[in-house]
Amino acid sequence: MSDSIPFVNYLVLGDDPHLVAQECKACGARFFDRRNACAGCSGTEFQSVDVPTQGELRTFTIVAFAAPGIEVPFVSGIVDCGGTSVRANIVNVEPSPEHVKLGMPVKLTTFPIGKDEEGVEAINFGFEPAA
Amino acid sequence: MASEDVFILGIKMTKFGKHKELDTVDLATEATLAALADGGVTMKDMNIISAGNLMGGALPIAQVIQKACGQTGIPAYNVSNACATGATALRVVGMSIKAGESDFGLAVGVEKLAGAGLLAGGSRKSDGKSWERSGRYGAVAGVDGRIGTDIMPGVFAQIGMEYGHKYGGANFELFAEISRKNHFHSTLNPLAAYTKEMSLEQIMGDIMIAYPNTRPMCSANCDGAAAAVLVSGSKLKTLSQQQQRRAVKVSASILTSDPYEEACQVLPNVNTLTRAAAKQAYEQAGVGPEDLDLVELHDCFATAELVHYDNLMLCEEGNAVDFFKSGATWRTGSMPVNVSGGLQSKGHPIAATGIANVWEVCHHLRGEAGPRQIEGAKVGLAHVIGLASACGVHILESNTA
Ligand SMILES: [Zn+2]
Numbered sequence: 001m002s003d004s005i006p007f008v009n010y011l012v013l014g015d016d017p018h019l020v021a022q023e024c025k026a027c028g029a030r031f032f033d034r035r036n037a038c039a040g041c042s043g044t045e046f047q048s049v050d051v052p053t054q055g056e057l058r059t060f061t062i063v064a065f066a067a068p069g070i071e072v073p074f075v076s077g078i079v080d081c082g083g084t085s086v087r088a089n090i091v092n093v094e095p096s097p098e099h100v101k102l103g104m105p106v107k108l109t110t111f112p113i114g115k116d117e118e119g120v121e122a123i124n125f126g127f128e129p130a131a
Numbered sequence: 001m002a003s004e005d006v007f008i009l010g011i012k013m014t015k016f017g018k019h020k021e022l023d024t025v026d027l028a029t030e031a032t033l034a035a036l037a038d039g040g041v042t043m044k045d046m047n048i049i050s051a052g053n054l055m056g057g058a059l060p061i062a063q064v065i066q067k068a069c070g071q072t073g074i075p076a077y078n079v080s081n082a083c084a085t086g087a088t089a090l091r092v093v094g095m096s097i098k099a100g101e102s103d104f105g106l107a108v109g110v111e112k113l114a115g116a117g118l119l120a121g122g123s124r125k126s127d128g129k130s131w132e133r134s135g136r137y138g139a140v141a142g143v144d145g146r147i148g149t150d151i152m153p154g155v156f157a158q159i160g161m162e163y164g165h166k167y168g169g170a171n172f173e174l175f176a177e178i179s180r181k182n183h184f185h186s187t188l189n190p191l192a193a194y195t196k197e198m199s200l201e202q203i204m205g206d207i208m209i210a211y212p213n214t215r216p217m218c219s220a221n222c223d224g225a226a227a228a229v230l231v232s233g234s235k236l237k238t239l240s241q242q243q244q245r246r247a248v249k250v251s252a253s254i255l256t257s258d259p260y261e262e263a264c265q266v267l268p269n270v271n272t273l274t275r276a277a278a279k280q281a282y283e284q285a286g287v288g289p290e291d292l293d294l295v296e297l298h299d300c301f302a303t304a305e306l307v308h309y310d311n312l313m314l315c316e317e318g319n320a321v322d323f324f325k326s327g328a329t330w331r332t333g334s335m336p337v338n339v340s341g342g343l344q345s346k347g348h349p350i351a352a353t354g355i356a357n358v359w360e361v362c363h364h365l366r367g368e369a370g371p372r373q374i375e376g377a378k379v380g381l382a383h384v385i386g387l388a389s390a391c392g393v394h395i396l397e398s399n400t401a
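In the order they appear, the protein sequences are chains V and A. Using our numbering, the first residue of the first sequence is number 1, and each one after it goes up by one. Using our numbering, the first residue of the second sequence is number 1, and each one after it goes up by one.
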């Protein structure tokens with residue numbers, strides 16, 4: 001029985017946590033949500049592909065106001081993972097423009113966000129500076 | 001048979017700001033009656049109405065307006081296209097005139113937004129008793145704030161920062177300076193929600209919402225309405241000299257949505273559809289960016305204004321930072337942008353915005369803008385973009401020549 005579950009369906013846990021995209025078999029467009037068809041070519045066949053866990057921070061913002069339960073300030077960013085764009089929080093870095101830099105190399109990391117009443121822990125992902 | 005030319009015969013916006021005593025119907029009616037009076041026509045002359053309102057619930061706002069100030073049985077189109085709602089209403093009426101179905105039409109946008117907090121893209125749910133997946137990502141809790149941000153100041157901050165990363169030179173101070181320009185411009189606009197000049201220090205030192213957008217760099221949530229009466233070219237010829245002289249030609253009316261591109265479902269791409277709309281608009285109007293005397297563009301955040309200089313081709317591709325630094329977009333510059341004060345200072349009652357910015361341009365083209373008149377303005381462009389996404393571009397030309 002599993003004591004932890006991924007926060008979203010496209011996160012795979014285990015020894016080598018990574019993201020999985022749905023790739024259109026016809027045009028190669030990649031998506032993270034449940035698909036009916038492809039937004040690029042209307043194709044309906046998809047295959048699961050692993051997304052590289054290393055990437056480059058293409059843009060970010062430091063959010064100072066958020067819904068209850070969300071710690072602020074936090075860094076939101078878009079990471080270019082070898083040509084696949086991924087939206088995530090940038091973690092394990094001080095949330096200030098002095099420390100978060102456009103173009104900086106980052107890598108995927110996972111962390112628990114809480115347990116439900118049955119003790120099952122939900123694991124989320126983010127990207128952290130890659131040394 | 002050639003399709004009809006379309007002209008704006010009458011147009012008005014209400015004062016933007018907090019209207020404690022006025023509800024959605026009051027504001028919409030005020031703008032509607034003022035636009036009809038401005039055009040020298042009445043509700044009985046209208047052959048079509050199209051209207052939008054996003055925050056007032058599921059009101060069929062076009063019929064609500066008719067019930068408030070004139071039920072004549074004409075077709076009513078209720079439109080919803082986020083921040084491009086007003087532009088969409090305008091375009092629906094214009095299409096009907098072009099198609100030869102209507103001589104006159106009315107477009108209205110209205111919003112009660114004062115006091116609204118941050119506008120988020122998605123809904124949030126609290127963590128439940130046991131994890132349960134929902135939505136298209138199969139998330140066990142709300143993704144906003146846990147996997148990036150949905151709040152608009154954050155989304156548009158990323159859009160501006162991405163431009164900075166791609167081309168360099170854009171930093172906090174530059175974005176704040178764009179905001180300083182628009183707040184300065186608004187001091188000449190009595191209908192703006194805010195009319196106070198702000199220093200760079202005040203703007204940068206204000207409350208940070210989503211870096212690099214501080215509070216005054218975000219569009220001002222406020223109440224307001226705007227309405228326009230459109231007329232066909234052939235009908236206009238039968239009207240008075242004064243009506244003809246004040247009429248403003250709609251040389252281009254374009255609406256686009258966002259085409260698929262890598263990453264566009266991860267961070268909205270506001271560039272593709274704006275550039276496409278601008279290109280089509282210039283072609284349709286037979287003018288180029290160099291012919292524009294003023295531009296009202298969708299500065300929902302200071303970070304957005306920068307990218308739209310480029311998208312609307314007001315500058316060379318990749319050159320928006322230098323273009324702004326040259327002073328071109330101040331009211332005294334070669335390409336005045338947002339002389340109304342823009343969304344940051346004039347305010348942004350969402351569904352009204354796409355008609356209010358057309359009103360601003362018309363005001364100058366008619367030579368009626370008083371102390372903030374851009375002298376000799378003959379051609380102007382109004383741009384809006386609503387996320388998810390829709391982009392409206394209108395090119396307007398004075399009819400006095
Ligand atoms: Zn495809």
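Treat the hints as calculated values from the structure; they're not laboratory data. Any given hint could be a false lead.
Each pair of labels, with its calculated beta carbon distance range [stated by the list, open to error]:
#1 V/Ser-42 / A/Lys-279: 42 to 52 Å
#2 A/Lys-325 / V/His-99: 21 to 31 Å
#3 A/Asn-171 / V/Arg-34: 30 to 40 Å
#4 A/Arg-136 / V/Gly-119: 51 to 61 Å
EDC-like mimics (lysine to aspartate or glutamate), calculated; alpha carbons at most 16 Å apart, straight line [to be verified]:
#5 V/Lys-25 / V/Glu-56
#6 V/Lys-107 / V/Asp-16
#7 A/Lys-129 / V/Glu-118
#8 A/Lys-166 / V/Glu-56
#9 A/Lys-129 / V/Asp-116
#10 V/Lys-107 / V/Asp-80
#11 A/Lys-129 / V/Asp-16
#12 A/Lys-129 / V/Asp-50
#13 A/Lys-166 / V/Asp-80
#14 V/Lys-115 / A/Glu-132
#15 V/Lys-101 / V/Glu-56
Glycine included, every Cβ here is placed at the ideal spot set by N, Cα and C.
**Item:** Range hint 21 to 31 Å (beta carbons of A/Lys-325 and V/His-99) holds or violated
**Value:** About 27 Å separates the Cβ atoms of A/Lys-325 and V/His-99, which means 21 to 31 Å holds.
**Request:** Please work out if A/Lys-129 and V/Asp-50 have their alpha carbons no farther apart than 16 Å.
**Result:** violated (31 Å)
**Asked** If you draw a straight line from the CA of V/Lys-101 to the CA of V/Glu-56, is it 16 Å or shorter?
**Response** holds (10 Å)
**Item:** Cβ distance range 42 to 52 Å for V/Ser-42 and A/Lys-279, holds or violated
**Value:** Violated, at about 24 Å.
**Asked** Keeping to a limit of 16 Å between CA atoms, is the pair of A/Lys-166 and V/Glu-56 held or broken?
**Response** Judged against 16 Å, a Cα distance of about 13 Å means the pair holds.
**Request:** For the range 30 to 40 Å, tell me whether the beta carbons of A/Asn-171 and V/Arg-34 fit it or not.
**Result:** Holds, since A/Asn-171 and V/Arg-34 (Cβ atoms, about 39 Å apart) stay within the stated range.
**Asked** Does the structure keep V/Lys-115 and A/Glu-132 at a Cα separation of 16 Å or less?
**Response** holds (12 Å)
**Message:** Can you confirm whether the C-alpha distance between A/Lys-129 and V/Glu-118 stays at or below 16 Å?
**Reply:** The given pair, whose Cα atoms are some 8 Å apart, holds under the 16 Å limit.
**Prompt:** When you check the alpha-carbon spacing of V/Lys-107 and V/Asp-16, does it fall within 16 Å?
**Reply:** holds (12 Å)
**Message:** Does V/Asp-16 sit within 16 Å of A/Lys-129, going by the straight-line distance between their CA atoms?
**Reply:** violated (29 Å)
**Request:** Decide if the proposed pair is consistent with the structure: V/Lys-25 and V/Glu-56, CA atoms, cutoff 16 Å inclusive.
**Result:** It is violated: about 26 Å lies between the C-alpha atoms, which goes past 16 Å.
**Request:** For A/Arg-136 and V/Gly-119, compare the CB-CB distance with the range 51 to 61 Å and indicate the outcome.
**Result:** violated (27 Å)
In this structure, the hints that do not hold are numbers 1, 4, 5, 11, 12, in rising order.
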